[in-house]
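Novice: Given the coordinates of chain A, work out where chains B and C should sit on it, guided by the hints.
Chains A, B and C, in that order, give the protein sequences.
Per the numbering used here, the first sequence starts with residue 1, numbered consecutively.
Per the numbering used here, the second sequence starts with residue 266, numbered consecutively.
Per the numbering used here, the third sequence starts with residue 341, numbered consecutively.
Errors might be hidden in some of the hints.
Claimed, not checked - Only pairs whose alpha carbons sit at most 27 Å apart, straight line, appear in this in silico BS3-like list of lysine-lysine:
id: 1; chain 1: B; residue 1: K338; chain 2: A; residue 2: K23
id: 2; chain 1: A; residue 1: K258; chain 2: A; residue 2: K198
id: 3; chain 1: C; residue 1: K642; chain 2: C; residue 2: K572
id: 4; chain 1: C; residue 1: K545; chain 2: A; residue 2: K197
id: 5; chain 1: B; residue 1: K299; chain 2: A; residue 2: K198
id: 6; chain 1: B; residue 1: K299; chain 2: A; residue 2: K227
id: 7; chain 1: B; residue 1: K299; chain 2: A; residue 2: K23
id: 8; chain 1: B; residue 1: K268; chain 2: A; residue 2: K227
id: 9; chain 1: C; residue 1: K659; chain 2: C; residue 2: K617
id: 10; chain 1: B; residue 1: K268; chain 2: A; residue 2: K15
id: 11; chain 1: A; residue 1: K23; chain 2: B; residue 2: K268
id: 12; chain 1: A; residue 1: K208; chain 2: C; residue 2: K642
id: 13; chain 1: C; residue 1: K659; chain 2: C; residue 2: K469
id: 14; chain 1: B; residue 1: K338; chain 2: A; residue 2: K255
id: 15; chain 1: A; residue 1: K15; chain 2: C; residue 2: K545
id: 16; chain 1: A; residue 1: K202; chain 2: C; residue 2: K642
id: 17; chain 1: A; residue 1: K8; chain 2: B; residue 2: K338
id: 18; chain 1: B; residue 1: K304; chain 2: A; residue 2: K189
id: 19; chain 1: C; residue 1: K469; chain 2: C; residue 2: K636
id: 20; chain 1: C; residue 1: K639; chain 2: C; residue 2: K686
id: 21; chain 1: A; residue 1: K23; chain 2: A; residue 2: K227
id: 22; chain 1: C; residue 1: K617; chain 2: C; residue 2: K545
id: 23; chain 1: A; residue 1: K23; chain 2: A; residue 2: K8
Unchecked claim - Not everything, but these chain B residues come out facing chain A in the computed CB check (under 10 Å):
id: 24; residue: R270
id: 25; residue: G271
id: 26; residue: V274
id: 27; residue: I277
id: 28; residue: C280
id: 29; residue: V285
id: 30; residue: V287
id: 31; residue: V288
id: 32; residue: P291
id: 33; residue: C317
id: 34; residue: C320
id: 35; residue: T321
id: 36; residue: A324
id: 37; residue: P328
id: 38; residue: V334
id: 39; residue: R336
No lab work stands behind these hints: they were computed from the structure.
Quick reminder that beta carbons are idealized off the backbone N, C-alpha and C, glycines included.
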Amino acid sequence: MDINEIIKPENLVFKRTELMTDKTLSYCPGCGHGTAHHLIMEVVEELGIQADTIGVAPVGCSVLAYEFMDIDMTQAAHGRAPAVATGIKRLWPDKYVFTYQGDGDLAAIGTAETIHACNRGENIIIFFVNNGIYGMTGGQMAPTTLEGMRSSTSPYGRDLASMGHPIKMTELIAQLPGTVYVTRQAVHKAANVRKTKKAIHKAFEVAKEKKGLAFVEIVSNCNSGWKMTPVDSNIWMEENMFPFYPLGDIKVDGKIVKDLMSDLM
Amino acid sequence: MAKMRGAIVVDIERCKGCGVCVVNCPTDTIGLSKEVNGKGYHYSYMEYPENCTGCTNCAIVCPDGVITVYRLKVE
Amino acid sequence: MSEIRLMKGNEAIAEAAIRAGVDGYFGYPITPQSEILEYLMMERPEERTGMVVLQAESEIAAINMVYGAAGTGKKVMTSSSSPGISLKLEGISYIAGAELPCLIVNVVRGGPGLGTIQPSQADYFQATKGGGHGDYNLIVLAPASVQEMADFVELGFELAFKYRNPCMILSDGLIGQMMEKVEFHEQKERTKDFDQSWATTGKTKDRERNIITSLNLDPELQYEHNLKLQEKYKRMKEDVMFETFNTEDAEFLLVAYGSSARICQKAVDVARSRGQKLGLLRPQTLFPFPEEAIAKLSKRVKGILAVELSAGQMVDDVKLAVNGRIPVHHFGTPGGKIHSPDDVLKAIDEKLLGGF
Chain A
1 MDINEIIKPE NLVFKRTELM TDKTLSYCPG CGHGTAHHLI MEVVEELGIQ ADTIGVAPVG
61 CSVLAYEFMD IDMTQAAHGR APAVATGIKR LWPDKYVFTY QGDGDLAAIG TAETIHACNR
121 GENIIIFFVN NGIYGMTGGQ MAPTTLEGMR SSTSPYGRDL ASMGHPIKMT ELIAQLPGTV
181 YVTRQAVHKA ANVRKTKKAI HKAFEVAKEK KGLAFVEIVS NCNSGWKMTP VDSNIWMEEN
241 MFPFYPLGDI KVDGKIVKDL MSDLM
Chain B
266 MAKMRGAIVV DIERCKGCGV CVVNCPTDTI GLSKEVNGKG YHYSYMEYPE NCTGCTNCAI
326 VCPDGVITVY RLKVE
Chain C
341 MSEIRLMKGN EAIAEAAIRA GVDGYFGYPI TPQSEILEYL MMERPEERTG MVVLQAESEI
401 AAINMVYGAA GTGKKVMTSS SSPGISLKLE GISYIAGAEL PCLIVNVVRG GPGLGTIQPS
461 QADYFQATKG GGHGDYNLIV LAPASVQEMA DFVELGFELA FKYRNPCMIL SDGLIGQMME
521 KVEFHEQKER TKDFDQSWAT TGKTKDRERN IITSLNLDPE LQYEHNLKLQ EKYKRMKEDV
581 MFETFNTEDA EFLLVAYGSS ARICQKAVDV ARSRGQKLGL LRPQTLFPFP EEAIAKLSKR
641 VKGILAVELS AGQMVDDVKL AVNGRIPVHH FGTPGGKIHS PDDVLKAIDE KLLGGF
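The shape of chain A in the complex, shown without the other chains:
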């Protein structure tokens, strides 16, 4: 059968969402940021809420997220995205407002803003892309860098005694009454992408109901920072990141659905 018989408009089953701009993504080859961007915009497109959605870009690799997502966006100072989103949401209570943040932004410099936006139960969505490293500045140790993991500022591996422990922000904020839906997903495999998309749909539903904050962590790779090929980095992520940052829902409809204590052991 000739390929051209298949490649016809009536047989189209998947194309890139129109809510991504034509700009080439600034991310490294194989970086999960791109997949996460596409998923969020696919959901915004499917819900038909482009005119009702305002995003907040962080400082980090995704600082230029506003170049790629075809919605009104505000670029926040490092770590302050949840406060910026709070300001927008309080003044536009009927719009969907989300932040898109990395681990350095959300779990180090912006810890206070993250925790307090969650605790106030702001009706916003936080997308948290965790790759355990500072990507944009060149692969320094992040708050979520694993024990023993090498980075440019932990060249001999993260030493817990002197550098502290990797922080599980998602489990932490799940315990705050202001969060309604808290989940951890990934985007490196098709099955994970489909689950993440469902999670993003759920997060926008929560935002619509104005019951509190929805928090979607996406564990991702940083092949440049980890110094691996994209495919190898995804295997390394499964073997090393997922045991410490296990995937799945942590809180649904305001109820914790996971044994947090056993996880902390």
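Specialist: Frame of chain A; chains B and C shown alone:
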């Protein structure tokens, strides 16, 4: 028996040749080309087009959204 | 309907904000300005006008809430005092870079560091020379009465929106805490039509998306952006505001703003009764600074004394305006202590008249 035949179209110049689609393809359809695109990347292509079922796995994991998928039911 | 009340300066700002139809206030408590947030919370502005009032977890969060909210095209403000303003400076720089209108109130206290909660004017440099990183300027208003605390809220928003630039009311603990008669304007409606041309109102099909950002990685674009900002700051000169007292026949001139100007007014009265021909120029805008007015007066008077509750900050701008034509002296009281009219008179005798 009905069978699904698929095909993908890769936006060659936007492809960064990361290979994530290759390992996500359940039918071993996709490979990375020997040639490079304008940016020097070995872009992905249908190495064994007859294998493709149009499952979309490659397209949805593609970080750069460069893959468009078509599917046709053939008797 | 207008209304006359007896109020603290801080309370007057809060009441004026509600009446000006302000859409949002985000703040964090710090002495000597906590009455602003307290008054707003007590007044239930969400019921009076629908105004949003939120106590943030920090000054940093508060200014970033203002940044996000100002990007929606609505009227938003924050307030703090010196150490809190230092924390807000990163956010203020972003707001200036992204060209967003908003109002920031600084009820200044003595520093440096945690300093004291007593009144001071030692944040003049911080307020008028940018303060945060990068080449930027705020519009800076200096109220000298509780009435001006109220009036400058509306004026501040008018100028902030005219130039799409953050505006600061640079007050101090004296004006913030003292009670005076104040007349309020009638309640203004909150705006319902927002400027869709630049604000984050939600992208519709008929327009390009609106991005609020201060990031321009391309130095050519950043250069152009900076030139545009500088051109804007120059244009602000047309909104310079100041008051003069007894300058018509003055031989010597005091320059003072805010609470220090109130003290100087008394000193001028006393000096006049002694037959000394003294005048006072009180800048109401510190940026833009009334440099032309001071330059003009410097051709008529023999000497100028800048009087501030600081170790000497505004005096530099006076010197620049005078450009060496006549002697410019400084008398200041730093660290939260307030000088009396007698202290000023003594300084007039020693520094201003002493050389003549």
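Novice: Enumerate the violated hints, using their earlier numbering and listing them in ascending order.
Specialist: 1, 3, 5, 8, 11, 12, 14, 16, 22, 27
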